[in-house]
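Peer 1: Each chain, written out:
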Amino acid sequence: MAGSGTTQLRGEDMLLRVEHLVVEFGKGHRRVRAVSDVSFDVAPGETLGLVGESGCGKSTTGRAVALVHPPDAGSVRFAGRELTSLGPRQLRQARTKVQMVFQDPISSLNPRRRVLDSVMEPLSIWGIGTREERRAKASQTLESVGINPNDAGGRRPIEFSGGQCQRISIARALMLEPTLLICDEPVSALDVSVQAQILNLLDDLKRARGLTMVFIAHDLAVVKNVSDRVAVMYLGKLCEVASPDTLYRHPAHPYTAALLASIPEPDPSVAGDGSSPLSGELPSPTDPPSGCRFRTRCPYAQDRCTAEEPAIRALGPDHFVACHFPLGQPTATAVAPPVGATTPGSDA
Amino acid sequence: MSLRRQRTPHLEFADASELEEPLLDVQDLRTAFRTTRGLVRANDGISFTLDRGKTLGVVGESGSGKTVLTRSVMGLLPNVNLERSGSVRFAGHELMGLTPAQLRDVWGTQMSVIFQDPMTALNPVVRVERQLTESLRIRLGLDRRAAHDTAVALLTSVGIPAPEQRMRNYPHELSGGMRQRVMIAIALACGPKLVLADEPTTGLDVTLQAQILDLLGTLQRERSMGMILVTHDLGVVANRADDIAVMYAGRIVEQAPTKDLFSHTRMPYTEALLRSIPRLTEPSHTRLRAIPGRPPDLAALPPGCPFAPRCPYAQDRCRVEDPPSRTAGAGHRFSCWFPVGSPEGDDALARNVAAGVPAALAFTGAVPVGALSPVPGVSAVSPDVGTPAVGTPGVGQPGGGTIEGGG
Numbered sequence: 002m003a004g005s006g007t008t009q010l011r012g013e014d015m016l017l018r019v020e021h022l023v024v025e026f027g028k029g030h031r032r033v034r035a036v037s038d039v040s041f042d043v044a045p046g047e048t049l050g051l052v053g054e055s056g057c058g059k060s061t062t063g064r065a066v067a068l069v070h071p072p073d074a075g076s077v078r079f080a081g082r083e084l085t086s087l088g089p090r091q092l093r094q095a096r097t098k099v100q101m102v103f104q105d106p107i108s109s110l111n112p113r114r115r116v117l118d119s120v121m122e123p124l125s126i127w128g129i130g131t132r133e134e135r136r137a138k139a140s141q142t143l144e145s146v147g148i149n150p151n152d153a154g155g156r157r158p159i160e161f162s163g164g165q166c167q168r169i170s171i172a173r174a175l176m177l178e179p180t181l182l183i184c185d186e187p188v189s190a191l192d193v194s195v196q197a198q199i200l201n202l203l204d205d206l207k208r209a210r211g212l213t214m215v216f217i218a219h220d221l222a223v224v225k226n227v228s229d230r231v232a233v234m235y236l237g238k239l240c241e242v243a244s245p246d247t248l249y250r251h252p253a254h255p256y257t258a259a260l261l262a263s264i265p266e267p268d269p270s271v272a273g274d275g276s277s278p279l280s281g282e283l284p285s286p287t288d289p290p291s292g293c294r295f296r297t298r299c300p301y302a303q304d305r306c307t308a309e310e311p312a313i314r315a316l317g318p319d320h321f322v323a324c325h326f327p328l329g330q331p332t333a334t335a336v337a338p339p340v341g342a343t344t345p346g347s348d349a
Numbered sequence: 039m040s041l042r043r044q045r046t047p048h049l050e051f052a053d054a055s056e057l058e059e060p061l062l063d064v065q066d067l068r069t070a071f072r073t074t075r076g077l078v079r080a081n082d083g084i085s086f087t088l089d090r091g092k093t094l095g096v097v098g099e100s101g102s103g104k105t106v107l108t109r110s111v112m113g114l115l116p117n118v119n120l121e122r123s124g125s126v127r128f129a130g131h132e133l134m135g136l137t138p139a140q141l142r143d144v145w146g147t148q149m150s151v152i153f154q155d156p157m158t159a160l161n162p163v164v165r166v167e168r169q170l171t172e173s174l175r176i177r178l179g180l181d182r183r184a185a186h187d188t189a190v191a192l193l194t195s196v197g198i199p200a201p202e203q204r205m206r207n208y209p210h211e212l213s214g215g216m217r218q219r220v221m222i223a224i225a226l227a228c229g230p231k232l233v234l235a236d237e238p239t240t241g242l243d244v245t246l247q248a249q250i251l252d253l254l255g256t257l258q259r260e261r262s263m264g265m266i267l268v269t270h271d272l273g274v275v276a277n278r279a280d281d282i283a284v285m286y287a288g289r290i291v292e293q294a295p296t297k298d299l300f301s302h303t304r305m306p307y308t309e310a311l312l313r314s315i316p317r318l319t320e321p322s323h324t325r326l327r328a329i330p331g332r333p334p335d336l337a338a339l340p341p342g343c344p345f346a347p348r349c350p351y352a353q354d355r356c357r358v359e360d361p362p363s364r365t366a367g368a369g370h371r372f373s374c375w376f377p378v379g380s381p382e383g384d385d386a387l388a389r390n391v392a393a394g395v396p397a398a399l400a401f402t403g404a405v406p407v408g409a410l411s412p413v414p415g416v417s418a419v420s421p422d423v424g425t426p427a428v429g430t431p432g433v434g435q436p437g438g439g440t441i442e443g444g445g
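Protein sequence lines correspond, in order, to chains A and B. Start counting the first sequence at 2; every next residue gets the next number (my numbering). Start counting the second sequence at 39; every next residue gets the next number (my numbering).
This is chain A alone, in the form it adopts within the complex:
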């Protein structure tokens, strides 16, 4: 898969516009291109879901957008400003409007600080308001995420469950009134019952505060629930971008289809066919396959996929795919009968 290109970008009036983003780690022949020419945009008030297997570069993309890890190339335009060319002072200022929520709620809070102090800290750093005003605002924000500030404010993170810590982390991220919230697997470490609470909370906050979100997760059902637009990543590239209902009903990229078919359905009347739809594991990003990066695991792969990298193209008004032979398209039916599964783990 996987392609490059900017067809999926919409107009200039987007809150976030990322073009040709490249992030690399390491040196010499061990150099890994974790994110390789990724472009996407997010409209104001929209939630973009970013999905893929571990190692596909989704978290790195999220961090690069917030410039936590500065990108090696490409542009990140946020609210009309180019973030990558800002100096350190201006960047710090601009970044107050871009906040992150991390995966592990307990380790992302300082265990030795009281909850209220942790939540107040962004205001203290920027010297906003008096101590009393900060305290009042922190209490109010904690209240809005369902934590009782009078009871909880003086305690330390260890006294809270994972779900409560995630609420506190969300409160801290909201203190500077960001317009863009980047959530990096915010519910992966939580139990299903608590996961539903946090997802509902994020949805409420988004509506109440008009937040724009980038929601990174590996669980497709979770991503479908929260997103207005979904981007599927594989080995540092985008495969498919579409609205959730289109993507889940008519996946055009073989990788998206395989991911969807892998999800265990919590209902025995929906019989699985008892076979893994995708064999093998993610190839090493130090030495990615030529052409389409998904071809080594793709049941539809042809010679053309080895030679030529597919560019992202439009299939519909809001459906973009990087594949030479997208599913459900006339070209795909003309080609490959699905090749039998290769040996599991053949790429490792």
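Bear in mind the hints are in silico, worked out from the structure with no lab data behind them. A few of these clues could be false.
FRET-style restraints, in silico, Cβ to Cβ [claimed, not checked]:
#	chain 1	residue 1	chain 2	residue 2	range
1	B	Asp-181	A	Asn-111	53 to 59 Å
2	A	Arg-314	B	Gln-203	36 to 42 Å
3	B	Glu-58	A	Pro-112	54 to 60 Å
4	A	Asp-14	B	Thr-158	32 to 38 Å
5	A	Ser-108	B	Arg-68	32 to 38 Å
6	A	Arg-90	B	Val-118	52 to 58 Å
7	A	Ser-108	B	Asp-53	48 to 54 Å
8	A	Asp-246	B	Val-358	44 to 50 Å
9	A	Asn-111	B	Ala-393	37 to 43 Å
Per the computed footprint, the stretches of chain A lying under chain B, defined by three or more beta-carbons under 8 Å from a beta-carbon of chain B, are [said to hold, decoys possible]:
#	region
10	221-233
11	253-262
Positions of the beta carbon are idealized from the N, C-alpha and C atoms, including for glycine.
With the hints as your guide, set chain B onto chain A.
Peer 2: Leaving out everything else, chain B in the frame of chain A:
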């Protein structure tokens, strides 16, 4: 030539196919830990049976006691500040009260465990080969050559390509999926009759999860092993277990044949768990029916039903009296005063909704469980499937947080 002397076994096990009683029969198993906060009752009267070749799915949230259950059945818990009682009969032998030396005849050759995190379960400074052949040589008394050949065959059977090369690797040189395959190979090395898989796919990607679960299913059928599949994900067991036991606060609150559990759910906790899962078949931005609050502290359980504080059906009686164990059809047991789908249950829910109980309000506007359309498959470009249009319940509390917020 065997380099090690074989031990004289303490216990003799007959061939499992000649067994007349269930492979595993657990009765009133209680496991508790003495801590500074008081007695933590991790397993509070667990009973179930498992036949040869069958799979029991054990489902519960973190802290429900499901992992302790696997350790307690095997007798793996360190005997420090531990209170353990009840009966664990395996293949005609009572395991309760056996010493670790006697249990060594059971571990590996009769029952084995697949741990959740293969990176910490495998020894990081020992090559795969030695970790695999160790039990083959000690338990089965194979010589070096035979153990090596068996290990290669095992790695092949769990789908590891180039097994000869992998044998020389250390665990960190393998990917997460490979490590879990090695873990499975070690667990199956001595041909156990029962495998306890403790969250074998948690932490793996969804594509790998499907591969590993399929592999486990195939190996189980080939060897007609019994399996206990412990997970927090109902999706994992829905199509792979014969029976499912739902655990809450150290007890089995509902147990039934898989189809029955999903189609005739009786216990409100099972129902709530099923409804809190986001479904692919629902349109995006469907409001999730979260369970308010969180599981109780096992050291300070409330009187009565442990789920009562979060239950949409709970009445005064639930907060005082332990619910009785009831049956609903063959093999379906549950513990509830006001079961789902019964007149008492409907009545209790209606009363709670009228009284404005938050747990009941968060629950209204229900989708019938089981009325779900299939996921679009690889080739199926399905037309608009009739996704149930679900209204947002008119409760404005963010995620039912008012209850949880108490700390």
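Peer 1: Hint by hint, which ones does the structure fall short of?
Peer 2: 4
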